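A.B. asks: The primary structure of each chain is shown beneath.
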Amino acid sequence: MTRKFRTPIILLFVGVFLFSFTVYNFYHDEHVSFFRQIVIEGATIVRNALDYPLKAAKNAWERYIFLVGVVEENRKLKKDIDRLVSQLANYKEADEENKRLRSLLKLSEEIRFRHVVARVIGVDRKSVVKAMIINRGSIDGVRKNDPVITDRGLVGRVTETSWRVSRVLLLIDETSNVDAIVQNSRVQGIVQGTGHGCAVKYVGKVDEVKVGDAVITAGISQIFPKGLLIGHVSRVDWREGGMFKKVEVDPAVDFSRLEEVMVLLIHDGG
Amino acid sequence: MVAYFVVPLFLFLLVVVQSLLADVLFRGLCPLEISLIVVIYLARRVNLWRGVIICSYLGFLMDGVTGTVTGTYMFIYFLVFCISYFVSRHLYGEGDGFIMMLVFFWGVVEALLLLSFKSMFFGAFSLSGWWGLMFPQVIPLCVLGPFVFRLADRWGIVHGFNERSPERP
Numbered sequence: 665m666t667r668k669f670r671t672p673i674i675l676l677f678v679g680v681f682l683f684s685f686t687v688y689n690f691y692h693d694e695h696v697s698f699f700r701q702i703v704i705e706g707a708t709i710v711r712n713a714l715d716y717p718l719k720a721a722k723n724a725w726e727r728y729i730f731l732v733g734v735v736e737e738n739r740k741l742k743k744d745i746d747r748l749v750s751q752l753a754n755y756k757e758a759d760e761e762n763k764r765l766r767s768l769l770k771l772s773e774e775i776r777f778r779h780v781v782a783r784v785i786g787v788d789r790k791s792v793v794k795a796m797i798i799n800r801g802s803i804d805g806v807r808k809n810d811p812v813i814t815d816r817g818l819v820g821r822v823t824e825t826s827w828r829v830s831r832v833l834l835l836i837d838e839t840s841n842v843d844a845i846v847q848n849s850r851v852q853g854i855v856q857g858t859g860h861g862c863a864v865k866y867v868g869k870v871d872e873v874k875v876g877d878a879v880i881t882a883g884i885s886q887i888f889p890k891g892l893l894i895g896h897v898s899r900v901d902w903r904e905g906g907m908f909k910k911v912e913v914d915p916a917v918d919f920s921r922l923e924e925v926m927v928l929l930i931h932d933g934g
Numbered sequence: 228m229v230a231y232f233v234v235p236l237f238l239f240l241l242v243v244v245q246s247l248l249a250d251v252l253f254r255g256l257c258p259l260e261i262s263l264i265v266v267i268y269l270a271r272r273v274n275l276w277r278g279v280i281i282c283s284y285l286g287f288l289m290d291g292v293t294g295t296v297t298g299t300y301m302f303i304y305f306l307v308f309c310i311s312y313f314v315s316r317h318l319y320g321e322g323d324g325f326i327m328m329l330v331f332f333w334g335v336v337e338a339l340l341l342l343s344f345k346s347m348f349f350g351a352f353s354l355s356g357w358w359g360l361m362f363p364q365v366i367p368l369c370v371l372g373p374f375v376f377r378l379a380d381r382w383g384i385v386h387g388f389n390e391r392s393p394e395r396p
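Chain order of the listed sequences is A and B. For what it's worth, our numbering labels the leading residue of the first sequence as 665, then goes sequentially. For what it's worth, our numbering labels the leading residue of the second sequence as 228, then goes sequentially.
By construction, these hints were calculated from the structure, which means they are not laboratory data. Just so it is clear, the structure is predicted and the values come from calculations on it, not from any experiment. For every residue, glycine included, the Cβ atom is placed at its ideal position computed from N, Cα and C. A couple of the hints might just be wrong.
[Unchecked claim] Sample of chain B residues at the chain A side, in silico, Cβ under 8 Å:
no. : residue
1   : P235
2   : L236
3   : F239
4   : V292
5   : T295
6   : T299
7   : F302
8   : C309
9   : F348
10  : V375
11  : A379
12  : D380
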């Protein structure tokens, strides 16, 4: 009898252990474990190594697959066009990067906090956790809860750091909460991610909020400094939501086009 | 013996490459969780305790790469493996349709479990978010399921661990 139930009992014990382990990790996430850091660092190394050939293969496939069978001259001309287009794309890319870096530079002159510029090396906008990976980690001074911004506005906050990379929770994640103020009316609320955008919670029915109003960080919590642009009000509905208005916000940042960001090192004594 | 070195490394590469592939093919709009198919495959091919260890390891890697709370995927993969393992003793099939149905079922269950965890920890649960998470992921996985099974059998991915024959009584 005991032998018959031994395996299910051990499995149940393992299951309960794993569940408790998850709950424990949720409440004790101050430090990223050594093994988890190894996984994050290792994944970044492999990712970087494979990223270029994979993208090159994809580009080659897209560019040349339809050229098979075309006469020699036509192929030569197309190759020339491809080369020129690629060259132009490179110039455009450099120009765009230049513009982005210039705006970040301009922003860095305006910002009174110590900061580092980071490159986005992976974005997960449709996963369980809407987050991105940046190429700056604890050795660059990045700490948990440091705000991440661009010249357009707030991107999110750092949720875990490894030595050379960090994970940033995006503003649009359902678990992201930012204390905010509607700039014109000074109405306060909490901006919470909705998965694809944001919404301001706890805005009373008598509070005046209009479509197009800018929403900025309130600076009440110790995480985000005051005055960072979050987005603009896109919809106000006072009929839904009981005591509160339903206020939707369009984030100022386009999360699908993030390439370089700035991390404010406010938790590193900056 | 070689399997003890090769399998962990292979699984690590799988977890990283699947996220990279999802990024390149779907521009990050749809996760591609081939590791879930691997868990279902393991439940039908390897013995119980080895499977439990491999799935927990695979879950740990997923937790690290996706940024979920450590233990979330470990628990989910453990659950998927154990239930699949015991069910496969009574209900067994090798046809493409059967594998696709299996992957579809576990894809839906996994999405539900993930959202339950998220709801439990952060109090954030949206049904629309659940559909948005489930469908883009489950459909390509269903198509890939039989292919991954065949590939894994042919390459002997769990070579050395392969203690249960595909042709079960």
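A.B. asks: Take the hints in turn and mark each one as holding or not.
C.D. replies: Hints versus structure:
1. P235: Since the shortest Cβ distance to chain A is 11 Å, the answer is violated.
2. L236: violated, 10 Å
3. F239: holds, 7 Å
4. V292: Holds, about 5 Å.
5. T295: holds, 6 Å
6. T299: It holds, given that the least Cβ distance between T299/B and chain A is near 5 Å, below 8 Å.
7. F302: Cβ of F302/B sits 4 Å from chain A, so the hint holds.
8. C309: With a closest approach of 6 Å, the C309/B hint holds.
9. F348: holds, 5 Å
10. V375: With a closest approach of 19 Å, the V375/B hint is violated.
11. A379: Given a least distance of 20 Å, the restraint on A379/B is violated.
12. D380: Check failed: Cβ of D380/B comes no nearer than 25 Å to chain A, outside 8 Å.
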